[in-house]
Amino acid sequence: MNKTYFFTLLLLIPALHGCAETEATDYPLTAAAEGIYFHQGAHEEATPDNHGAIANIGFIVGESCVAVVDTGGSYLEGQQLRNAIRNITETPICYVINTHVHPDHVFGNAAFLEDNPVFIAHQRAPAALAGRQPFYEESFQELLGDAWQGTEFIPASKLVNIDQPLELDLGGRIIKLESYPTAHTDHDLTVLDKKTRTLWTGDLLFVDRTPALDGSINGWLDAMQHLLKMDVEVMIPGHGPISYQGDKTALESQIRYFEAIREGVRSIINDLGTIEEAIREVAVDEADNWLMFEEYHRRNVTAAFVELEWE
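First residue of the sequence shown: 1, per our numbering; consecutive thereafter.
FYI, nobody ran anything at the bench for these hints, they're computed from the structure. This one's a predicted model, so the numbers in the text were calculated from it and none came from an experiment. A few of these clues could be false.
Stated by the list, open to error - Mimicking SDA-like on lysine to any residue, the simulated pairs with C-alpha atoms at most 20 Å apart in a straight line are: (1) Lys176 / Gln164; (2) Lys248 / Leu227; (3) Lys176 / Ala130; (4) Lys229 / Ala250; (5) Lys176 / Gly145.
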């Protein structure tokens with residue numbers, strides 16, 4: 001996809017689909033490719049003011065079905081996304097795909113219950129959601145305020161096993177769902193639209209915002225190498241702007257960041273150093289390359305140290 005086509009399509013969304021100007025303004029969508037739309041989340045923590053809308057979420061339109069890819073950080077955002085879909089197409093919403101179960105990606109699920117879709121996720125996602133539900137309920141009711149109202153924890157009814165990709169026919173377009181060994185989390189899933197070679201990475205890729213390690217640094221680096229080898233035209237990350245025309249610069253930047261952490265942590269461990277030293281010293285020169293670095297870098301180094309000291 002060239003830049004002229006991309007920005008022309010973006011500008012023509014309201015005209016092509018009859019979207020009301022106010023709705024486009026209230027919940028803006030970007031056309032990433034033909035029939036693929038996403039809303040870019042804010043680089044913020046979830047708050048009542050932003051309704052938890054901090055992740056990239058969106059949908060793929062086929063001739064017979066719509067597949068939603070993540071539903072947002074609150075029931076309210078899920079409603080906004082559903083309204084945005086209905087402004088573009090009346091095609092039935094057949095699938096809701098969760099790339100993983102972090103709150104900013106799944107708290108809008110209940111907004112789609114009336115469509116009776118099949119909820120799809122990684123084979124480990126239901127257990128991950130069940131284990132985190134008490135903490136999420138306690139923490140996010142306060143964090144989100146009124147935007148929390150209506151939130152339900154909906155486990156996937158169709159699961160994608162590791163090494164057993166699932167293909168879905170939306171009518172005139174096939175999408176491929178692939179589950180990964182432990183990486184960003186222990187239940188990451190990607191969605192590839194074969195028609196346009198558009199890849200939804202979920203949180204296997206962060207752009208601009210500091211990535212957050214909730215799984216395995218080794219596994220995540222392996223997953224990123226897999227993404228690097230994929231033949232894709234457009235990449236929609238879990239956070240931040242898309243990459244198009246096959247550009248994988250953002251992915252390479254994330255690989256560099258985590259390789260710096262892994263190398264630095266291993267060095268300190270080999271010298272019998274402490275986790276405090278690692279937090280203080282490892283990859284601190286990356287600070288200018290990432291937003292929200294102070295909020296997440298220390299956690300990443302800590303998680304990496306705990307994993308790598310047992311190699």
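Structure-based check of all given hints:
1. For the suggested pair lysine 176 and glutamine 164, the alpha carbons sit about 10 Å apart, so the restraint of at most 20 Å is met.
2. Proposed proximity of lysine 248 and leucine 227 is supported: the alpha carbons are some 9 Å apart, at most 20 Å.
3. The suggested pairing of lysine 176 with alanine 130 is violated, with an alpha-carbon distance near 26 Å, which exceeds 20 Å.
4. The straight-line distance between the Cα atoms of lysine 229 and alanine 250 is roughly 14 Å, inside the 20 Å bound, and the hint therefore holds.
5. For the proposed pair lysine 176 and glycine 145, the alpha carbon gap of about 36 Å is over 20 Å, so the pair is violated.
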